[in-house]
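Asks: Listed below are the residues making up each chain.
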Amino acid sequence: MACEPNRVRLLCMLSLTFGFFIVEVVVSRITASLAMLSDSFHMLSDVIALVVALVAVRFAEKTQSTNKNTFGWIRAEVMGALVNAVFLTALCFTIILEAVERFTNPHEIEKPHVVIGVGAAGLLVNLLGLCLFHGHAGGGHGHSHGGGHSHGNKKNKRGKICKSERPNGSSGEESNNLVGSHNSPPNGVNTERHRHEIVRNDSEVHMNGSVVYEDMDHSHDEASLNMRGVFLHVLGDALGSVIVVVNALIFTFVWRPCPPGETCFNPCHSTDHQHVNHTLVDLFVDSNGSSFQRTMVGPCWVLYLDPTLCIIMVGILLYTTYPLLKESALILLQTVPKQIDMHRLNERLLLLDGVLAIHELHIWQLAGSRIIATAHIKCHDPTSYMDVAKRIKDFFHNEGIHATTIQPEFVTVNSESSASLCELSCRTQCAPKLCCGATDKPGVAGTGPAGTEKGPSGEGKALAASAMEVISEIPEGAAGAGASVLEQAAAAVIQVVPRIPEPEVIITREVESSL
Amino acid sequence: MLPLSIKDDEYKPAKFNLLVKISGWFRSILSDKTSRNLFFFLCLNLSFAFVELSYGIWNNSLGLISDSFHMFFDCTALLAGLAASVISRWRSNDSFSYGYVRAEVLAGFVNGLFLIFTAFFIFSEGVERALEPPHVNHDRLLPVSVAGLLVNLVGIFVFQHGGHGHSHGGDEGHGHSHSLFNGNTGHGHSHGGHGHESKHGDGHEHSHGDGHGHSHGGHGHSHEGPHCHDELHMPGKGSSKQILQGVFLHIVADTLGSVGVIISAILMQKYDLMIADPICSMCISILIGVSVVPLLRESIGILMQRTPPSLDNALPECYQRVQQLQGVYNLQEPHFWTLCTDVYIGTLKLLIAPDADCKWILSQTHNIFTQAGVRQLYVQIEVATM
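Chains as they are written, first to last, in the UniProt record's numbering: chain A, 1 to 515; chain B, 1 to 386.
Since the hints were derived computationally from the structure, they do not count as laboratory data.
Accuracy of the hints is not assured; some may be wrong.
Sample of chain A residues facing chain B (criterion: CB under 8 Å; computed from the structure) [what the hints assert, rightly or not]:
#1 Asn69
#2 Ile363
#3 Ile406
Even glycine gets a Cβ: it sits at the ideal position worked out from N, Cα and C.
Given the sequences, and given the hints that come with them, work out the whole structure.
Replies: Okay, here's the thing in structure tokens:
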């Protein structure tokens, strides 16, 4: 399977790191060096990160839906990336803690030669890991968007075929990410829309995926979120090893240690020690009487080099981890994928034949390039529905969304202008707030469960558009208990929906606004 | 032509927005009881941490300094919970069509991860200390631990009562006794300053507290049950359960930590059992790890778009009922998932006969699933061609 390379790499790196961990533990016992022991725990945390990534990769391969996980286990890779990113952040905090401790109480390195040796070995292992994972993660960074239709960029796609689109077999070719996977905040939708416009003009042809955009890069990017996490972890470790080696080297060559057999004055330690040393030295001076040459221990700044380098390293790590953290968190928060512009999508959807209105449009990303959309579409009548449905599906296909669920709603009898109303509303958290209200205006896709307190304002927004007409739907025969027709002075609140589950046909009546 | 309105919002200088935003956040925090509690407890913890830090610097006690850093670290958990509770109330927009409700689940998950990381860290320190017992300075240990324990107990108590502050009307009736979990995020940990000043040659001063005990007491949330009453109102509020749970575990972990530190300090002073310290830490870290597992499992389930566990039994029955509707041939591709606690969303496809009544089938299906607790449902109709 195409995913094998990933797993093999991970296993390789895992075994290497674990072996090195064992070595470090043994060496630390032999040399009784606690620094080595704590470094070995760092290695252990690396092992854990690799295990997490491996587990995520294994799970993510199971794309079949199961009873409990109807979407399959694909999300596992996003979760793996998030876990790794959080883990890295926590590690950074720990390192900062230790560095600060070192600042307040600097220490010399014991047995620097051993440290150099082990540090160099660790560096080798980490460099090897970097090479192993670089191919995956590197592609995730430098993607050109907009103009970069590197058609031949198939190499990125190859490894990720295992995550190909199951639903409609169009294997994601048509997912045109006109705007490449930029890590711009969701609010950057405006700029993206702009680019969208520009690029749209010369690429109308992408219907059949003839111009395959940087989707490759994008999907590759997404698919390797997990790998990016691993790469960052290994990078952090490599930096750590570099620091250890550099520090030990400088220490060996620059530091003038206390010569054995002589008392020396250590100006670098904290006042307590200094105090102690001082008294000792004074004693010596007194007892010896003659001029006593105090040897000063090596330059103090060497002791502060370690924590400083550590803090720099933490800065670098955090800077590189943040985009990964943000991206995986956004996916898990069910955001609309970056490359999709809801407004334009709505507008273009409305332009289709037979579509009267759209409600409750939700688009979110499952993982990789699998995007899922759901909506209520209002059409004329059931007979024309299948036709419209096909067109809608095609439309979404062109946008790169292949798993869609469209719920039809039918306008009943004699009301042309009631296209705005939701026949089957969500009837739940949106009951107190209007869930779908605008007339032909797109975009008011329900306020969703989040803005509970902001309900009324959401309604207001929706109503501003439909201030002209008041339409009420009353189920025939059913008492007004369910249907609520509210008419307020300010604006017409259209409370859609019969709450009562009657099998009768819903009749729409147009009532002139007489507020 | 007279202008109908003067809308110069977009031309206002940008700097006002920051103040407005911040004051908006404060208002939002103070409006909801849960976030209010979280905020005050966060302030309490932060002030305690600052006091400890300054005391440690003044006395030049490394143990206290590092312990205060640990408190800061735990404050981040509280901060995450607070941020999540504020964020999840934001309105939905173009990029977040479902709104920000998932933030709570994410916060709970991240808190759980941090807890596991902390447990791992403490365990490793315990092991190191067991191998090379450091010289621990006892004097300042006890008072600090006791103070930290008090702070934690305050947290537990506060969150026990007020944590449940959702205006959920009928919630109280649901016998939520545990739910206070939610509030208990306070980890007051006083990780007792193990003031070891001199580690040993290498000077790897680990003085971080191993006292992360967490009593895990509050795991009573068996209350997952659908808050059936009136979800119409604020289903969002029910979902702060996730945050609260994570936060509570954190507080409890800290409390246990303080307790553990106190016990080990006593043991060391009275019986000179140096080994008590690392053993205590290891036990505590294991406890923390074990207690976090349910929280993690739940949030992973939600984030992985798993079928809601509470619907596991109800769904097959609903499928059957739908398939028995007149005109329905088949039900395909059902997907049900949890948006946040108690808010379930589902999609499915129905294959129906050409002459069947679409609207009726749609409304019936909606009713069937609404009774099961699924509020947002998308039913795709496909007419069989015959």
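Asks: Now tell me if each hint is right for this structure.
Replies: The hints, checked one at a time:
| no. | hint | in the structure |
| --- | --- | --- |
| 1 | Asn69 | holds (5 Å) |
| 2 | Ile363 | holds (7 Å) |
| 3 | Ile406 | holds (5 Å) |
Checked against the numbered hints above, the structure violates none of them.
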